[in-house]
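Visitor: If you're matching them up, the sequences are chains A and B in order.
Using the working numbering, read the first sequence as starting at 2 and increasing by one per residue.
Using the working numbering, read the second sequence as starting at 2 and increasing by one per residue.
Hints in this document: simulated from the structure, not taken from any laboratory.
Since the model is a prediction, treat every value here as computed from it, not as a measurement.
Be aware that a few hints might be false.
As the list claims (entries may be wrong) - Derived CB-CB ranges, DEER-like:
1. A:77 with B:178: 22 to 30 Å
2. B:106 with A:61: 38 to 46 Å
3. B:38 with A:99: 44 to 52 Å
4. A:160 with B:25: 31 to 39 Å
5. B:174 with A:9: 39 to 47 Å
6. B:217 with A:82: 36 to 44 Å
7. A:103 with B:70: 48 to 56 Å
Heads up, the beta-carbon is just placed ideally off N, CA and C, and yes, glycines get one too.
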Amino acid sequence: MQRSPLWLRYAVIAWVFTLVGVPLIFLFDKAGAPGWSAIWSALHNSATDHAIGLTFRVALVAVPLNTIVGIGAALWIVRHPSRLSQLVDRIIDVPLAISPIIIGLMLELAYAHTGWLGRPLAALGIKIIFSFPGIVMACLFVSLPMVSRQLIPLLREIGNNQELTASSLGAGPIRIFMTITLRSIMWATAYGVSLTLARVLGEYGAVLIVSGNITGVTQTLTLDIGNNFDNYNAYQGFVGASVLATTSVVILLILGLARHRERKRHEHLARAPR
Amino acid sequence: MSISLEHLVKSYGNDTVIRDFSDVVPDGSLTALLGPSGSGKSTLLKMIAGLESLDGGRIVLHGRDVTNVPARHRNIGFCFQDYAPFYQLSVFENVAYGLRVRKMPKDQIAREVEEMLRLVRLDAFADRFPRQLSGGQRQRMALARALAIKPDVLLLDEPFAALDAQVGAELRLWVRSLQRELGITTILVTHNQSEAMEVADRVVIMNNGQIEQVGVPAEVYDRPSSDFVHSFLGPTTYLEGRPLRPHDVELVSVTDGQSGIITDVIRLGFEVRVVVTLADGSSVWAQLTHDDAQYRNPSIGESVGVRRRVVR
Chain A
2 MQRSPLWLRY
12 AVIAWVFTLV
22 GVPLIFLFDK
32 AGAPGWSAIW
42 SALHNSATDH
52 AIGLTFRVAL
62 VAVPLNTIVG
72 IGAALWIVRH
82 PSRLSQLVDR
92 IIDVPLAISP
102 IIIGLMLELA
112 YAHTGWLGRP
122 LAALGIKIIF
132 SFPGIVMACL
142 FVSLPMVSRQ
152 LIPLLREIGN
162 NQELTASSLG
172 AGPIRIFMTI
182 TLRSIMWATA
192 YGVSLTLARV
202 LGEYGAVLIV
212 SGNITGVTQT
222 LTLDIGNNFD
232 NYNAYQGFVG
242 ASVLATTSVV
252 ILLILGLARH
262 RERKRHEHLA
272 RAPR
Chain B
2 MSISLEHLVK
12 SYGNDTVIRD
22 FSDVVPDGSL
32 TALLGPSGSG
42 KSTLLKMIAG
52 LESLDGGRIV
62 LHGRDVTNVP
72 ARHRNIGFCF
82 QDYAPFYQLS
92 VFENVAYGLR
102 VRKMPKDQIA
112 REVEEMLRLV
122 RLDAFADRFP
132 RQLSGGQRQR
142 MALARALAIK
152 PDVLLLDEPF
162 AALDAQVGAE
172 LRLWVRSLQR
182 ELGITTILVT
192 HNQSEAMEVA
202 DRVVIMNNGQ
212 IEQVGVPAEV
222 YDRPSSDFVH
232 SFLGPTTYLE
242 GRPLRPHDVE
252 LVSVTDGQSG
262 IITDVIRLGF
272 EVRVVVTLAD
282 GSSVWAQLTH
292 DDAQYRNPSI
302 GESVGVRRRV
312 VR
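Please put together the full structure from these sequences, using the hints given.
Guide: Structure, rendered in structure tokens:
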């Protein structure tokens, strides 16, 4: 590979630094300046505390669900192509193209207690909008393609000869999935899961609509941050934002590792004698 | 174990790839399914293994109808053209895979795998991973993996196509002797006629999802049943509209055969090709051995006669 010219490298670094680095530094500076005890008490603000807990509870449900759905959808689209699966392949990216706030409005229209699906559910005593299930649904919607988009091209590239060989050796579908398929898609899945997690933790617009933004009840961390800024409680917001930013940096590191492993795998493939 | 294929049919949408295919593969034979790409031979092989569904017909393994038996219960060893190594598993674990599925005790697995690896001469590579093997080693690993389950039938899809010529040639002979040693009924798919001739004791020539001809290699080569088989099995030239092998074209004096003029002489080491353009404008080529060419010394522009060699 040709080395990029020096000016281009500096330009890119300056651009990223101005856009991402500087704001991030100022955020941590603002949150950290008053000292550890201030951070500590801010973290123990009851609203923020609850918001952090809720956010991670939502992630705990939404991320595994979306991972399972993503793996299933990718396998279905690649391994059992049909008109229906091709249609799903095409519309699975829709959440990326629609603004989250519109996604929130759509969910509310369908699942509010007056909505088409919400009414029968309300009759059964199940509340979706303004409660935990609605927040999870909004997060699932916005992160829908995150896992399957990673897996679809990979599964196509690997092909299914290994799986067919395993079945000729006597293995059933579950064993084949656990011993062959899952092992080959592990790192790409990890990458997709990190993207899902990042998206779920950071979601604002869709969750704002469906949760009702009730402090101490349905307020997630992003909503709490927004709330604090609206109420001239900027410091509380900075601390909350720092928690999210730190989590994101950790996710980024995991993501980097997953990509690194994927790249190594590809290099191996390229070098493999044919 | 004999394999009986009865009126097999397979189509993808409107595209019929296997049309009423019937054949009986004798017990212990090595049969080559030979045909150009797109003739349906790989699809047929997958159908036998149960890796591809049927749209019609029956598959009977030694008297047992397996048409509706899933692949994993057929006990058939299958090797893909790309060998489909389990990249995440070591060579040992690749070979052990089918034995672990069969819940064989650990120490017995260790013994059997070691024996298989010795058989395919990979005993020193048990702890390696597929990516650390050469193409030929991967192919032998795939063979060991398929043979480890003691299959009733061995199916090989283009086993030598992905190897370079020299490695492929060595492995052909080795696979041939291994098959004889084990006596396992084997079907091998190939598009390479010399590979089929060299390895198989029975050749099934396929075209458009149907059988063109079945026979032992020498028979199909010497007595091809159609123009297709003739031209597919070896170099073919036409004299009086009929196909013949270029080594059956004899150069004689103008009066003894059809008269023509030599328009090209191509020397390829041992083989010399002489192109003769006949009076009617058609051309035929004769294959001479180096010695023949030395003796006759054909030259461009020379008037000659050509005729079909008389078999004495």
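Visitor: Taking each numbered hint in turn, which are not upheld by the structure, reported in ascending numerical order?
Guide: 1, 5
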